[in-house]
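Peer 1: Okay, here's what each chain looks like letter by letter:
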Amino acid sequence: MLDRRSLLRRGLAAGGSLFVPWSALRSANARFDDPPASPRVRPFRAALPLPPASAAVPPFAAPDVVFPRQSTNAPEFHEIVAEERFVQMHPDLPPTRVWGYRDRTTASFPFAVGPTLLGRAGHPLVVRHRNALPPDHVGFGDPHLTVHFHGGHVEARSDGFPENITGFRPVFGPGEQYDYGYALLDPGFSHGAPDATDRPATMWYHDHAIDFTAQNVYRGLVGFFLFFDELDTGSEATGLRLPSGEFDVPLAMQDRRLDQLGQLVYDPLQHNGFLGDLWLVNGAIQPFFNVRRRKYRFRLLNGCNARFLGMQLVRENGRVEQFDLIATEGGLLSRPLRDRTLAFLSPAQREDIVIDFSRFAQGTVLYLENRLAQDDGRGPRGTFDEPELRTPGDRFLKIVVGGDAPDPSRVPDVLRPFEAIPQAEIRAATRRRFEFERRNGSWVINGLAVDLERPIASAPVNRPEVWTLKNGGGGWWHPIHIHLEFMHILSRNGAQPQLDERDGIAKRDVITLGPNDEVEAFFKFRDFPGKWVFHCHTLEHEDAFMMARFDVV
Amino acid sequence: MSSDRGTRRGGLLIAIAAALATSVWPGCAADAAPRPRNARQLPNPQLVDQHGRRVRFYDDLVADRTVVIQFMYTRCEGACPAATSTLVAAQRELAELMGRDVFFVSISIDPARDTQGDLAAYADAHGVGDGWTFVTGAPADIEALRRALGAYDLDPEVDKQRSNHSAMLVVGNDRKDRWTMVSGLSTATAVARAIRRVAGA
Numbered sequence: 080m081l082d083r084r085s086l087l088r089r090g091l092a093a094g095g096s097l098f099v100p101w102s103a104l105r106s107a108n109a110r111f112d113d114p115p116a117s118p119r120v121r122p123f124r125a126a127l128p129l130p131p132a133s134a135a136v137p138p139f140a141a142p143d144v145v146f147p148r149q150s151t152n153a154p155e156f157h158e159i160v161a162e163e164r165f166v167q168m169h170p171d172l173p174p175t176r177v178w179g180y181r182d183r184t185t186a187s188f189p190f191a192v193g194p195t196l197l198g199r200a201g202h203p204l205v206v207r208h209r210n211a212l213p214p215d216h217v218g219f220g221d222p223h224l225t226v227h228f229h230g231g232h233v234e235a236r237s238d239g240f241p242e243n244i245t246g247f248r249p250v251f252g253p254g255e256q257y258d259y260g261y262a263l264l265d266p267g268f269s270h271g272a273p274d275a276t277d278r279p280a281t282m283w284y285h286d287h288a289i290d291f292t293a294q295n296v297y298r299g300l301v302g303f304f305l306f307f308d309e310l311d312t313g314s315e316a317t318g319l320r321l322p323s324g325e326f327d328v329p330l331a332m333q334d335r336r337l338d339q340l341g342q343l344v345y346d347p348l349q350h351n352g353f354l355g356d357l358w359l360v361n362g363a364i365q366p367f368f369n370v371r372r373r374k375y376r377f378r379l380l381n382g383c384n385a386r387f388l389g390m391q392l393v394r395e396n397g398r399v400e401q402f403d404l405i406a407t408e409g410g411l412l413s414r415p416l417r418d419r420t421l422a423f424l425s426p427a428q429r430e431d432i433v434i435d436f437s438r439f440a441q442g443t444v445l446y447l448e449n450r451l452a453q454d455d456g457r458g459p460r461g462t463f464d465e466p467e468l469r470t471p472g473d474r475f476l477k478i479v480v481g482g483d484a485p486d487p488s489r490v491p492d493v494l495r496p497f498e499a500i501p502q503a504e505i506r507a508a509t510r511r512r513f514e515f516e517r518r519n520g521s522w523v524i525n526g527l528a529v530d531l532e533r534p535i536a537s538a539p540v541n542r543p544e545v546w547t548l549k550n551g552g553g554g555w556w557h558p559i560h561i562h563l564e565f566m567h568i569l570s571r572n573g574a575q576p577q578l579d580e581r582d583g584i585a586k587r588d589v590i591t592l593g594p595n596d597e598v599e600a601f602f603k604f605r606d607f608p609g610k611w612v613f614h615c616h617t618l619e620h621e622d623a624f625m626m627a628r629f630d631v632v
Numbered sequence: 006m007s008s009d010r011g012t013r014r015g016g017l018l019i020a021i022a023a024a025l026a027t028s029v030w031p032g033c034a035a036d037a038a039p040r041p042r043n044a045r046q047l048p049n050p051q052l053v054d055q056h057g058r059r060v061r062f063y064d065d066l067v068a069d070r071t072v073v074i075q076f077m078y079t080r081c082e083g084a085c086p087a088a089t090s091t092l093v094a095a096q097r098e099l100a101e102l103m104g105r106d107v108f109f110v111s112i113s114i115d116p117a118r119d120t121q122g123d124l125a126a127y128a129d130a131h132g133v134g135d136g137w138t139f140v141t142g143a144p145a146d147i148e149a150l151r152r153a154l155g156a157y158d159l160d161p162e163v164d165k166q167r168s169n170h171s172a173m174l175v176v177g178n179d180r181k182d183r184w185t186m187v188s189g190l191s192t193a194t195a196v197a198r199a200i201r202r203v204a205g206a
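First to last, the protein sequences are chains A and B. Heads up, the first sequence is in this note's numbering, so the first residue is 80 and it goes up one at a time. Heads up, the second sequence is in this note's numbering, so the first residue is 6 and it goes up one at a time.
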């Protein structure tokens, strides 16, 4: 199917001819859901912050963490503190009070995004999270925390279940701590069928407290979690030799609103989806980044509460440049999707792209620009297959091309190949259908508001499942995140999915449901019986009860 | 898509008109200096409760309290009966807090028809106990409250139909300026848990 979106994604439609002008009516500013505008600041004055990796600490006793017997390597221990701190989001503004994760090994952590956790296949991590948030906090946000390992395949008690329920207490308050165990074993390990093709690449961790996830994440409780193995090694001398080290750059893109004093503004009484009007990368407003003339891997994360992003690499004059897509939330693709021009990222989605800056002369200026048009929490204009793009867009990051640098990195034609799910297995699958709707100003799944005491479905462990996810309409978009396993997308609206979500090429852990979309996804819930959730990752919809518990039994 | 677009643009104009008419912005301002979500941010109209008392919305029903705010009307055959019975059950689960730390406020969105007597009869019929106030008032004031508390739909066609009205319950702790919403279509246990969490109880 050659629609406009696939053309855009393949880069065949590069150039301005398809871009629809930004509607003058929409830019009239005053929308009911809009709080007052943020202060204007000069763009591209702040250097791109690069939060450091978390460092290991000496082993400590963590009796709650029990790794599966298949986990044979000695665990590495980390300690992360959730705290209130002030960070400089822009040189023109006073420091902003945020909540953030800090590595225990650093006394001062001047970043709005937390330390990056680095995982390696088969090497377990014990991560102690300490809650040092103010117990008497006044303002939006709730200092009772639960940390979701987004993209991880771990036991239920370490997944960040949203609420204390009967017999299960994953939430920890100020002054308390919680030890998480991440075995990082290949899915299927407990059935003697570890699947090394089912490994992640770019993950993140963030707060998941019921009713307050949007507020707590907006305050800053997020960090990256990167995964390496013998293919994706973190070295340009080994494995696939992807751009690595200082040339492998996680970019958390977030929108925020600030008041005239530079403090975060949020409206907890609005559950349509909160939109900011400032563009942050790794916690700085519209930063700049100096690159050398060689290949870089950018790990793009949409860390916005409710804003969808359509990122393009553009020159000063708006001309669109190409990049290679190498990974999604579900890890490395089977093969790179080359010469693309659009990274479409729903909230919580990740795409790893490789840009070869040796194509550009020294001194060239480029931007990572969001060209989706979105006016409120309902979602962007256009459809999933045909998003409406506008030019100019919103420039998140300025990239300045510098001098030459050696480049032993590669983007090989084969990355991490895996087979599409065979028809026989799809035919044998248990089918379930979930419809996501708005009802009486509230959000429901199959007519139900979230009740974490009861599962909406119980799936037998390691059995094939096909779930049909249906957007009940009303013009709303819902990015659906299902915990525990990556999804193989079988169809979208009855048709074969596009390449960046097609089974056999890509996996996803967030499925975008545009208005009225219907998507079929396959998975097996391997290894970990327990209580899990799936939900809309527009965080205000999630908090307004568009979530359900499912059990693996 | 084009008809959808048209609706949304219409929504913009209506929303601007509504914003101008009510001059209410519900958002929370800077919280650099801890301060409650006070009368400058929430409307404070004069209302009448089920006992015929005149009350100010913010000063008398919200200030210094943990509140649960419901939008309802006595003739509702849609979401209200479910949400009200959820609240009645939650009231039982929260018995030790009701009327002391936690208060419920049910605001009629049919103020032209709902009289004080209607509200009293409705409260009686549902077995409403201490700390639960039903109020009605001037339609413009009620509309301002509905907007300020987020109980509206972005789609003006949906918003116009009273039977579609919001079943979301606003849960707030004025002293901590901590606010969230829970669904009135959920269970009493979930609602009571959320209230305890916001109350810090």
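Keep in mind that a hint or two might mislead.
[Said to hold, decoys possible] Lysine to aspartate or glutamate pairs mimicking DMTMM-like chemistry, simulated, CA-CA at most 25 angstroms apart:
id, chain 1, residue 1, chain 2, residue 2
1, B, Lys181, A, Glu162
2, B, Lys181, A, Asp215
3, A, Lys549, B, Asp64
4, B, Lys181, B, Asp135
5, A, Lys549, A, Glu514
[Claimed, not checked] Between beta-carbon pairs, the in silico distance windows are:
id, chain 1, residue 1, chain 2, residue 2, range
6, B, Arg80, A, Thr547, 31 to 41 angstroms
7, A, Ala116, B, Arg80, 55 to 65 angstroms
8, B, Val93, A, Asp215, 52 to 62 angstroms
9, B, Arg59, A, Asp215, 55 to 65 angstroms
No wet-lab data here; the hints were simulated from the structure. Note that the Cβ used here is the ideal one computed from N, Cα and C, for glycine as well.
Peer 1: Could you run down the list of hints and mark each one as holding or not?
Peer 2: How the hints compare with the structure:
no., hint, result
1, Lys181/B / Glu162/A, "holds (18 angstroms)"
2, Lys181/B / Asp215/A, "holds (8 angstroms)"
3, Lys549/A / Asp64/B, "violated (45 angstroms)"
4, Lys181/B / Asp135/B, "holds (23 angstroms)"
5, Lys549/A / Glu514/A, "holds (5 angstroms)"
6, Arg80/B / Thr547/A: 31 to 41 angstroms, "holds (38 angstroms)"
7, Ala116/A / Arg80/B: 55 to 65 angstroms, "violated (41 angstroms)"
8, Val93/B / Asp215/A: 52 to 62 angstroms, "violated (32 angstroms)"
9, Arg59/B / Asp215/A: 55 to 65 angstroms, "violated (34 angstroms)"
Of the numbered hints listed earlier, those contradicted by the structure are 3, 7, 8 and 9.
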